[in-house]
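S.K.: Protein sequences, first through last, are from chains A and B. Going by the numbering used here, the first sequence opens with residue 1, and the numbers climb by one from there. Going by the numbering used here, the second sequence opens with residue 1, and the numbers climb by one from there.
Everything labelled a hint here was simulated from the structure, so no lab data went into it. Only a predicted model underlies this, so the values are computations on that prediction, with no experimental measurement involved. In this text, a Cβ means the ideal position worked out from N, Cα and C, and glycines have one as well. Don't take every hint at face value.
Selected chain B positions facing chain A (in silico; Cβ < 10 angstroms) [claimed, not checked]:
1) GLY106
2) ILE132
3) VAL134
4) ALA164
5) ASN170
Residues per chain are reported as follows:
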Amino acid sequence: MLVRMNQAVSAAIAAEMRDDPTVVLWGEDIGESGGVFKATVGLFEEFGADRVRDTPISEMGFLGAAVGAAATGLRPIVEIMFVEFLGVALDQLVTEAAMFRYLSAGEYSAGITLRASAGAGLGFGAQHSQMLDRWVIGSPGMTVVVPSSARTAYGLLRSAIRTDDPVLVLEPRQLYGTRSDFEPGDDAVLPLGKAEFIAAGTDVTLVGLGSTVPTIGEAMEGSRWSADAIDLLTIVPWDSEAVLDSVSRTGRLVIVEEGPEQGGWGADVAATVASKAFDSLKAPIVRMTTPNVPIAFSQSLEERFLPSATDVAHAVDELVFSGRCVSPWWEREGLAT
Amino acid sequence: MSLIGEPNPLERRDVIKFDRLARLGRMIEIRRVEEAIQQLFAEGAVRGTTHTAQGQEAVSVALAAATEPSDSVTCTYRGHGVALALGMKPETLLAEVLGRSTGAIGGVGGSMHLCDRSIGLMPTFAIVGAGIPVAVGAGLSSKILGSNAIAVAVFGDGATNIGAFHESMNLARVWELPVLFLCENNLYGEYSRIDRTTPFEDLHRRGGSYDMDSRSLDGQEVESLTVELQHEVDQIRATSMPRFVEVKTYRFAGHSRSDPATYRPEGELDKWLKRDPIALASAAVIADGLLDEGAVEALDKQVSERVTEAVGVAVASPEPALKSMFENVKADS
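Given only the sequences and the hints, what does the whole structure look like? Please build it.
M.R.: Printed below as a string of structure tokens:
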């Protein structure tokens, strides 16, 4: 059946809430109003005000409450409406939740699922358009996942809710309205930490995450090369086995990230491949990112900001046929270094 | 009957609840353990930092007496007193401060990170105010799961200026959760006196903003404080509504190991030393005819010897194995 990504999120939460009475949900405007992205529609009606709670605008308070609730018998799902709002509550995620098991010798754990909308593409401006996975991926104890579709949002979220440690689920905002054809249910649950191959090929390995997965799909259409295309799905812990295995066969790697060049997850992937699969590489590793600037509002600027299918196709052409690692567009056009 | 050195933390908790002399003995134990920690630091046996609470022992002991092991307590990095009062054994605490494998969490935490679920002590928080919303969540668990447990957030006066405090008070009130907000107002937030950081000193007034039952209690007399806190805890359990208690107390030492506390107004420390909770409780048991002066001295001696013994046990404990660094990061580690 065709399912929109925001419907898939609701369906995944509903399935887990039906299976486990300790699963609870809270966040801003997620109850009767169903969430600003309509990703929690119907849950308040089905599960009631005790388990589905609208919060005050107090991210530090209600995320901290999730830590305490998770440690004492509940399984909270918390929505941070825009991932930027996590800034005021980051302590509770990276300093408390992520370390709760460690600092209790395993006596307590903070099995929270923290969902947040993330990323650009909808014209929300600089402070409502970032990915910000980088705030969290350096915090041991955390698991970080980014779905790329309705199907993966459903499958990953169900696993995240069942996890006894904190999981950050970053839902690309621009994908909430996109549809997948799949059957929700136990068979659609996806394991965390496991990448998916979305295409099999021989010339190049393409690695994407979240919004760049559909971009990669588009770039492959009509191309003169064949790609092993990997949807990473989980960034911590990322599936190095899948990537290394693919690169050992293709000898080329292009990583496509939504996020500034400095400090992104793609740098980890590139470093690991360079260290562990150096002998397989026939060409430099290419890392495509957004420029190191805030996200501009104007539609023409925002569209250029994100890696496009044309950018990806061009970079792979150059890599496969000339062995060249192209510079980012902002360098080629002399706009920034 | 042995006042200290009982075999397990739960029994140590139990005796506090029912035995007034045990409460005095536990306060002495906390004082002696913190003195021992300061001594170990001076000798270079301990690394990093530590935050002691000499002068605040009555608050920790009264809290332990008024609550149950099934209640959840979130506490600050100034947590030795609360941990010992709730039942943690001195050698377990000292070994953690020394970073040894027999410590509360195997030596990976240190002075600021103590925990024992069996007595309701959640991991203590090294970030000011961070434990307050966590207690709110524990209160929510009780409410949703239908248990009779309450949650207690222990924090200092300085934490009432952090957003987490206000968000937590508001959330607990609006969600009607069984949480005791216990503020140890010792007049200093780290190195700064309250009058330089906060518009008024009577912090219980802050509860009014959240339409929460709030009061101020004397933190130096352990017996009266135990009775009053028991009343508060009983009310929370009966009504499933949060309450805010400000306890007026004082720390005799500086903020941390490196702080000589020279910033205090002249005479302030002397004034509070006259209200030393151990001296007050000792005088009271003598006045009430429970012990004579000699017996109080004997109690002190007995406790001190037990603490010295605990120091020896902790110092002799092995360093953690390297693999302990990799354990308990996630469920599968």
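S.K.: Broken hints, numbered, in rising order?
M.R.: none
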